[in-house]
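J.: Protein chains in written order, with the working numbering: chain D, 20 to 132; chain L, 8 to 119.
One thing to keep in mind: the hints can contain errors.
What the hints assert, rightly or not - With a straight-line Cα cutoff of 35 Å, these simulated DSBU-like cross-link-like pairs (lysine-lysine) come out: (1) L:K65 <-> L:K22; (2) L:K65 <-> L:K75; (3) D:K76 <-> L:K64; (4) D:K37 <-> D:K50; (5) L:K12 <-> D:K50; (6) D:K76 <-> L:K22; (7) L:K49 <-> L:K78; (8) L:K22 <-> L:K12; (9) L:K64 <-> L:K22; (10) D:K76 <-> L:K75; (11) L:K78 <-> L:K12; (12) D:K37 <-> L:K75; (13) L:K65 <-> L:K78; (14) L:K64 <-> L:K49; (15) L:K65 <-> D:K50; (16) D:K36 <-> L:K49; (17) L:K75 <-> L:K12; (18) L:K12 <-> L:K49; (19) L:K64 <-> L:K78; (20) L:K12 <-> L:K65; (21) D:K37 <-> L:K65; (22) L:K49 <-> L:K65; (23) L:K75 <-> L:K64; (24) L:K75 <-> D:K50; (25) L:K75 <-> L:K49; (26) L:K22 <-> L:K49; (27) D:K37 <-> D:K76; (28) D:K50 <-> D:K76; (29) L:K78 <-> D:K50; (30) L:K49 <-> D:K37; (31) D:K50 <-> L:K49; (32) L:K12 <-> L:K64; (33) L:K22 <-> L:K75; (34) L:K22 <-> D:K50.
What the hints assert, rightly or not - The following label-pair restraints were derived from C-beta to C-beta distances: (35) L:S62 <-> D:G35: 39 to 45 Å; (36) D:M60 <-> L:A52: 17 to 23 Å; (37) L:G67 <-> D:M60: 25 to 31 Å; (38) D:E120 <-> L:Q21: 28 to 34 Å; (39) D:E75 <-> L:S72: 31 to 37 Å; (40) L:K75 <-> D:S103: 36 to 42 Å.
To be clear, the hints were calculated from the coordinates, so they are not data collected in a lab. Idealized CB from N, CA, C, for every residue including glycine.
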Amino acid sequence: EADIYQTPRYLVIGTGKKITLECSQTMGHDKMYWYQQDPGMELHLIHYSYGVNSTEKGDLSSESTVSRIRTEHFPLTLESARPSHTSQYLCASRRQGNTGELFFGEGSRLTVL
Amino acid sequence: QQQVKQSPQSLIVQKGGIPIINCAYENTAFDYFPWYQQFPGKGPALLIAIRPDVSEKKEGRFTISFNKSAKQFSLHIMDSQPGDSATYFCAASMTGANNLFFGTGTRLTVIP
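This is chain L alone, in the form it adopts within the complex:
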């Protein structure tokens, strides 16, 4: 059973646009929600993360919005650039757990 559901599978935006990637979860014990960015031929790298005590976290052009009651969180990329073209994975875990549960990934393409 998939613990974290991610959409869309792929996304194409123009440079300067604001792509939004959505994730949903069921397990209310999850208390840590990171996003990973993966470029072709590379391993995923932590981009930004949020805990459920806040509804939004911003780091540079990347923002996570978190809706605890809806059990959803999303990644927004402001002023997107061609260099942001990558696959993005959301994930969830709980304190003390041995695993991160990943979404299926979103392949983002930013057209110049």
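Just chain D, with the same shape it has in the complex:
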């Protein structure tokens, strides 16, 4: 079983609030990712990191930001949440050089009212 954890699992907040979704992994993986998942849609990559102090934007434009200060921690922040940010956010990691095999957390379901 993958050792990657996301908190909170569920969050309902009002428009304009700042939120941070936490993601931590204990596998020592260098590469970490944030995906956005909506029903009936493919998973869209919104951010990724190849290691400490490395962050890049993914294919899907997102108003969120990420940081990678420690190998095991990859939080995602929304400075001012809007209803359009309502979605499921999935964090994932994989070993450096291991094509494709992603280990996912259980997700954070965000609802912005």
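Fit chain L to the supplied structure of chain D, relying on the hints for placement.
T.: Just chain L now, with coordinates in the frame of chain D:
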């Protein structure tokens, strides 16, 4: 533009049946094709994967068939069980790439 097209969107089979989920891609640079299984409330988990140098890969009751010339690959689940009820995602990537491109998912229901 969707890199990987997946069908059907949903599938219902009787226990013991053989559901088949199909995916197609355009980018011939893709060289890794995994399938992920996702149960409700959980994140996706790698189920089985194939590279284009083989036409078929089998792991237990799960088989990937790969047709390089048609740029298609499919997942077959033999002797399906109610516990196989989940959403299945195909994906594709290329060596050195930073991303996996996912299909839109197939919700499979296996009726007892």
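J.: Against this structure, judge whether each hint is valid.
T.: Okay, the hints, checked on the actual structure:
no.	hint	result
1	L:K65 <-> L:K22	holds, 20 Å
2	L:K65 <-> L:K75	holds, 17 Å
3	D:K76 <-> L:K64	holds, 34 Å
4	D:K37 <-> D:K50	holds, 26 Å
5	L:K12 <-> D:K50	holds, 26 Å
6	D:K76 <-> L:K22	violated, 43 Å
7	L:K49 <-> L:K78	holds, 30 Å
8	L:K22 <-> L:K12	holds, 27 Å
9	L:K64 <-> L:K22	holds, 23 Å
10	D:K76 <-> L:K75	holds, 31 Å
11	L:K78 <-> L:K12	holds, 11 Å
12	D:K37 <-> L:K75	violated, 47 Å
13	L:K65 <-> L:K78	holds, 19 Å
14	L:K64 <-> L:K49	holds, 26 Å
15	L:K65 <-> D:K50	holds, 28 Å
16	D:K36 <-> L:K49	holds, 26 Å
17	L:K75 <-> L:K12	holds, 15 Å
18	L:K12 <-> L:K49	holds, 23 Å
19	L:K64 <-> L:K78	holds, 16 Å
20	L:K12 <-> L:K65	holds, 22 Å
21	D:K37 <-> L:K65	violated, 47 Å
22	L:K49 <-> L:K65	holds, 24 Å
23	L:K75 <-> L:K64	holds, 14 Å
24	L:K75 <-> D:K50	holds, 29 Å
25	L:K75 <-> L:K49	holds, 32 Å
26	L:K22 <-> L:K49	holds, 23 Å
27	D:K37 <-> D:K76	holds, 20 Å
28	D:K50 <-> D:K76	holds, 13 Å
29	L:K78 <-> D:K50	holds, 28 Å
30	L:K49 <-> D:K37	holds, 25 Å
31	D:K50 <-> L:K49	holds, 21 Å
32	L:K12 <-> L:K64	holds, 20 Å
33	L:K22 <-> L:K75	holds, 31 Å
34	L:K22 <-> D:K50	violated, 39 Å
35	L:S62 <-> D:G35: 39 to 45 Å	violated, 54 Å
36	D:M60 <-> L:A52: 17 to 23 Å	holds, 19 Å
37	L:G67 <-> D:M60: 25 to 31 Å	holds, 29 Å
38	D:E120 <-> L:Q21: 28 to 34 Å	holds, 32 Å
39	D:E75 <-> L:S72: 31 to 37 Å	holds, 34 Å
40	L:K75 <-> D:S103: 36 to 42 Å	holds, 40 Å
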